[in-house]
Amino acid sequence: MSDSHTIGEAPLAVEHADRPELRHHFADVEQQRNAATLGMWWFLGTEIMFFGGMFCAYLIYRRWYFPEFAAASRSLSLPIGTFNTTVLICSSLTVAMSVRAAQLGNRKMQVRMLLLTLVFGLAFLGIKTKEWSDKYREHHIPTFDYNVVGGEGDLIQENKHLLGIDKVENDPVKLRAREAEIQQHTKVFYSLYFALTGMHAIHMLIGVGLFGVVTWMAHKGRFTPEYHTPLEIAGLYWHFVDIVWIYLFPLLYLIDRKPIS
Amino acid sequence: MTEPSEHIVSAKLYWFIWLVLIVGTVVTALVARVDLGTFHGIDANTVVALLIATFKASVVVLIFMHVKYTHEQMVKPLLIGAVCWLLLLLILSLTDYSSRFAG
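In order, the protein sequence lines correspond to chains A and B. For the first sequence, the positions run 17 to 277 when this note's numbering is used. For the second sequence, the positions run 472 to 574 when this note's numbering is used.
Hint data in this document are derived by calculation from the structure and do not stem from the laboratory. A couple of the hints might just be wrong.
[What the hints assert, rightly or not] So, partial list: chain B residues that the calculated Cβ filter (under 10 Å) puts toward chain A: (1) S481; (2) A482; (3) G495; (4) V497; (5) H511; (6) D514; (7) I523; (8) H542; (9) A553.
Ideal Cβ positions, reconstructed from N, Cα and C, are used throughout, including at glycine.
With the hints as constraints, model all of the structure from the sequences given.
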């Protein structure tokens, strides 16, 4: 049964031989769960700092190069972006439902909801890959063949007024200078776009891996109404990654979508 | 050993939150296409989009992430601290950078 070592009256470590999931350094399941929850929130706090730095860089450059950022933002697909946001929201619902199923001790529902989560997560990544490959085709990936002036990924024609092209159109020297500037400044937008969505996608990949393990554990019946901490903790991570996207969507896709007058 | 009574959120509430998030997303996308003018010199469309995003994030944190129900009392102060720290970074950096080249 329980093997305890004591200094005076207080037990130092109590083995809970009857409950393998309860570690000896915790008094009971609730204390263990609270410690795990708080630990995850500390980690999410560092994640806020991590993404916060990138968001800050984005906001500064967006203020400096607003017209170029707006024009480049218009080249992202609004329907695809909106759809992908709803896919991620659905995945958050299935995560919440799987935790609820664990609380109720419904193993079948748990596994079903977790498998749906994996499907939604992979669907999001698939759609994201499609968007990135479109950017590749349009030469919008900031590398040596980057180009937004003329060609397939032209941003000038549709955004003449927004970019101030209509003011310098009659002066070839000024026009050339402005085009070079647009080329540079939109490159900053796409660099930040790929950094932010790329980092988000890496987090999604880790999330899918994490949930693969959790799904397996749920399938094996490892979670009970008393103990389902790994599922709950993984759920916190998943919801956090969802929140990052909730901000990325309006910031990257909706800089200026007003109809061109 | 007594088991802690963990709050179980009703499925109905989860579905309702899901609906709120979906509607919020669709409204964000639709409103972006309407010119709302400016609000104290700031583009009103951006303000509305970020307000909706913040509302969505709050709902996810409170209900989906169980912050409203958690027994761990340090979670709320930690979260508030992290958000304040983030706002400190964003607000101070932005006021600095946007006032340097004022004109």
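Review point. Would the stated hint for B:S481 survive a check requiring a Cβ distance to chain A of less than 10 Å?
Key: holds, 9 Å
Practice item. Have a go at the B:D514 hint: is there a Cβ in chain A nearer than 10 Å to its own Cβ? Key: holds, 8 Å
Check your understanding: Taking 10 Å as the limit, does the beta-carbon of B:A553 come near enough to a beta-carbon in chain A?
Key -> At about 4 Å, which falls below the 10 Å cut-off, the nearest Cβ of chain A leaves the hint on B:A553 intact, so it holds.
Check your understanding: Any CB of chain A closer than 10 Å to the CB of B:V497?
Key -> holds, 7 Å
Point to revise | Agreement of hint B:H542 with chain A interface, Cβ distance less than 10 Å | key: holds, 6 Å
**Study point:** Evaluation of the interface hint that places B:I523 against chain A, nearest CB under 10 Å
**Key:** This interface hint holds because 8 Å falls under the 10 Å limit.
Check your understanding: Can we keep the B:G495 interface hint, with Cβ of chain A closer than 10 Å?
Key -> This hint holds: B:G495 lies near chain A, its Cβ roughly 9 Å from the closest one there, short of 10 Å.
Review point. Once the shortest beta carbon distance from B:H511 to chain A is found, is it less than 10 Å?
Key: It is violated, given that the least Cβ distance between B:H511 and chain A is near 15 Å, above 10 Å.
Check your understanding: Does B:A482 pass the interface hint, meaning its C-beta sits closer than 10 Å to a C-beta of chain A?
Key -> holds, 7 Å
The earlier numbered hint that this structure contradicts is number 5, and it is the only one.
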